[in-house]
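Since chain A is already given, all that's left is putting chain B on it; use the hints.
So the sequence lines, in the order shown, correspond to chains A and B.
Numbering of the first sequence is given in our numbering, commencing with residue 1 and proceeding in unit increments.
Numbering of the second sequence is given in our numbering, commencing with residue 1001 and proceeding in unit increments.
No wet-lab data here; the hints were simulated from the structure.
It should be emphasised that the depicted structure is a prediction, and the values quoted were computed from it without experimental measurement.
Don't take each hint at face value.
[As the list claims (entries may be wrong)] Have a look at the derived ranges for each label pair, beta carbon to beta carbon: (1) 116(A) x 1657(B): 52 to 58 Å; (2) 29(A) x 1035(B): 52 to 58 Å; (3) 153(A) x 1456(B): 31 to 37 Å; (4) 120(A) x 1500(B): 29 to 35 Å; (5) 2(A) x 1049(B): 41 to 47 Å; (6) 78(A) x 1593(B): 29 to 35 Å; (7) 17(A) x 1101(B): 39 to 45 Å; (8) 1657(B) x 92(A): 42 to 48 Å; (9) 78(A) x 1378(B): 51 to 57 Å; (10) 1041(B) x 78(A): 35 to 41 Å; (11) 1500(B) x 41(A): 52 to 58 Å.
[Stated by the list, open to error] The calculated EDC-like cross-link candidates involving lysine to aspartate or glutamate, where the alpha carbons are at most 20 Å apart (straight line), are: (12) 1165(B) x 1187(B); (13) 1439(B) x 20(A); (14) 1235(B) x 126(A); (15) 1263(B) x 1527(B); (16) 87(A) x 1296(B); (17) 1553(B) x 20(A); (18) 1353(B) x 1296(B); (19) 1553(B) x 126(A); (20) 1447(B) x 139(A); (21) 1164(B) x 1143(B); (22) 1120(B) x 1143(B).
We put the beta carbon where it would ideally sit given N, CA and C, even for glycine.
This is what each chain is made of:
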Amino acid sequence: MIIPFELNGEMVYADSNPGERLVHILRTRFHLLSPKESCLSGRCGSCMILMDGNPVLSCILPVFQVRNAHLVTLESFSLTPDYADIKEGFENAGVNMCGFCNAGKIFVTHALLNQTLRPTTAEIREQFSGILCRCTTIDELISGVKKAAGIRRKRNNDE
Amino acid sequence: MKEPPFCTDIEFPHQYYGVLVRSSIQRGRLVDIIAPPLPDGYYFYTATDIPGENRISAFGTSVPVFTPYEINYFGEPVGIIVGPDLSVVYNLVSEVLLETEKLEPFKFGEKFAATQLVGKRIIHSGEPELEFSENIEFESNTEIGAYDHQYAEPLCVNVHIKNKKLEICTATQWAFHVRTSVSAVLDLDSSEIIVTPTCMGESLDGKIWFPSLLAAQASLAAVLCKKPVKISFTKQEDFLFSGKSAPAHIRYRSAIAPDGSIKALVVRILINAGAYSPLIDEIIDRITIAATGLYDVKKFRIETYAIRTSCPPMGTMAGWGEAQVLFALETHAATIFPQIHLTPVEWKLFNIKKLDPHINELFELICTASDFPRKHAAYQLLSQRRKDHRDGTLKGIGIVTGYQGNGFIGKVQKGIRYSLEVCMETDGTLLINLGIQSKQIQEIIKKTASSILGIENNLIHFIGLDTQSMSETGPETLSSNIAIILPLVEKCCNAIQKQRFRQPLPITVKRTYRTSRTDTWDKQTLEGTPFLSMTEAVCVMELELDPSSYTTKIIGLWLACNAGKVLDTNSAITTIKKTMSPALCRILGEHISIQDGRFLLKDSNQYEVLIPSQMPPISILFSDSQDTPKGLGTIAHNLVPAAFSSALAQITGKRVNSIPLNTEEIYQIFEKTEDNQ
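Isolated chain A, as found in the complex:
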């Protein structure tokens, strides 16, 4: 079955079994390695991508569901000013990142900042409830998201 979708700004066609996991297709056919194949059950967040602007778990998403959707992986998102805000915020807060679940951390932060630029601690905790990270702490993440929000606010004001 041929499934058309937009991937990182380009129209692509995946000839695949419709039930195949999207993460597998992204990694093997399109060589996009930012979504990781880890739990394969939607519990860790390492396979996260943006689908029509919303974070989704590509390990539990069968490829037929992305027909005509707009997908963005971290490879493309990392070229945007939105990513730069988050990266700077995380770096300023000393968020330790081995990199494996970066896609998850970055995209849930992006989704939260799209909702509010003054996120509360409770909102951040809630937003990170699907991210399994062994190498950082929630305190660092909370601080990182708040700093990223501050940077985004400043950029918005400047613009």
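Chain B in isolation, oriented as in the chain A frame:
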């Protein structure tokens, strides 16, 4: 240093994929292997294809690369099929028939055959049995289950031939062990092998020797089929067949005088060593030493037996045995002080060895921060007044003490080489040929070098990318980076500083760590210091139990420790905080059943790991110490589970007899309490 890639992300041109053919019985003999017809470009290799030694050796014990004859656990590798299409390889593996003769499996329990004993330690002082008739006797049995590492990235290795050398990419805590192992298995000079460590993430001590085994299996296939070979475990395969922490049964008997002093301690520890356990010697030593914890016990008898079973390999995981025995000790202690009418703090301070002058300070710090004495008394009173378990708030608070031993114990340490080369270039940059991935450790090393040499942090670079460019070091575990590598960095930098303005740049200095600790430790009497250093700590946990659902909520978690001179407070706090989650999982979430010698797939699918956002508020406190910096990597593993059980014991009035715990087990503990009232 450039960020290393993840192994699962690495693909070479003309990549082949390898899948292991595994035994389908628990124990027996391999009679024949009947392989299906292999398509062109697909290969099957077994033990008979190994040109060198069919084993990986570590710490005096070994594991076969492929079993040639004896099958010792369900899932033991007997061969590998490789080929260009992974799904075809999986199909071929499923078609391999193994003809076997079954033998009675070795089981874990009090009764075991002499052939099952893989190690024992019996140490004693005085005649403890005589004390039991004259004092109050306490007894407890604790069962501690297996624990999985649950890495983000499943185990993986990718091997290819580059410039006529074998390059092995894998996430390992001990790159030089991978090189030595593959060299022995392939009968290849180690100069022909380059090991490039890939991004490790949090190792949790599960990547000390296992990557060497996987590397040997993939390297054999790569050399024979002359293609790059990648073995990448699925999450399920990783869960079912990689090493776990060794389960243990621990029995404590203590004789306590009416004034609360510990008169004698008799401990019997049984460790399930699995079919293979290359680190078992160190585990036995550490578990035996930790059996008395920080307490001053003059008369004791400690017996530790490691038993070979027909289970998959058992390793260390964070804590190296200390975590298991300190849990058993502290939960045993939690039953003592209520009966002798001392508060936990009074009892502990009364019995703790006063080796560390900061121990009183640790108790003061943590009691002030957590308000432990008041809360403990209040919850005790509430518990006594409660009519039944639905009457009032169910809250409890527990306090425990323990330590983390930094570095290996002498015997093992002597066999491991740690060396370091540091070069100051003509432009003033400092090149350290280490391959340390931890950002926190990198920062600490940079700060140290910077303060000695008076140069900016950004002039200091780590250049160790592979075994050719790295100094030879032992495994990155037991806080070796702080306990061994950091002093080596100091030595190198001091040497450069001495030569710096007398000799022209570049100046290169090499230093090697030598153990000199054999005289400081008496293993029979437990006198002296067995480790390079000990990080003493006190931990408090406040807990609330929902009487309807029997779920627990951690209200607060405090940990005070003597970390020596803290070089970077934020890094130190992060190091402890990030290990709190796996430490809590040891007691709360991570259930592994062993049925007929195998781990169950359902446990893999249901394995609960706490995520950062589920973590309770945590406070980390440091004593005002100027000692040499000490390790912090496993202190949470060693104390947090015991703090949880102590707090739960105050709520339920019963000690916790086994971990991990789930809601059903907490309910059972509670119901027993109700029945007894």
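Taking the hints in turn, this is what the structure says about them:
no.: 1; hint: 116(A) x 1657(B): 52 to 58 Å; verdict: violated (47 Å)
no.: 2; hint: 29(A) x 1035(B): 52 to 58 Å; verdict: violated (31 Å)
no.: 3; hint: 153(A) x 1456(B): 31 to 37 Å; verdict: holds (32 Å)
no.: 4; hint: 120(A) x 1500(B): 29 to 35 Å; verdict: violated (52 Å)
no.: 5; hint: 2(A) x 1049(B): 41 to 47 Å; verdict: holds (43 Å)
no.: 6; hint: 78(A) x 1593(B): 29 to 35 Å; verdict: violated (42 Å)
no.: 7; hint: 17(A) x 1101(B): 39 to 45 Å; verdict: holds (41 Å)
no.: 8; hint: 1657(B) x 92(A): 42 to 48 Å; verdict: holds (47 Å)
no.: 9; hint: 78(A) x 1378(B): 51 to 57 Å; verdict: holds (52 Å)
no.: 10; hint: 1041(B) x 78(A): 35 to 41 Å; verdict: holds (37 Å)
no.: 11; hint: 1500(B) x 41(A): 52 to 58 Å; verdict: holds (56 Å)
no.: 12; hint: 1165(B) x 1187(B); verdict: holds (14 Å)
no.: 13; hint: 1439(B) x 20(A); verdict: violated (37 Å)
no.: 14; hint: 1235(B) x 126(A); verdict: violated (26 Å)
no.: 15; hint: 1263(B) x 1527(B); verdict: holds (17 Å)
no.: 16; hint: 87(A) x 1296(B); verdict: violated (51 Å)
no.: 17; hint: 1553(B) x 20(A); verdict: violated (39 Å)
no.: 18; hint: 1353(B) x 1296(B); verdict: holds (5 Å)
no.: 19; hint: 1553(B) x 126(A); verdict: holds (17 Å)
no.: 20; hint: 1447(B) x 139(A); verdict: violated (24 Å)
no.: 21; hint: 1164(B) x 1143(B); verdict: violated (51 Å)
no.: 22; hint: 1120(B) x 1143(B); verdict: holds (19 Å)
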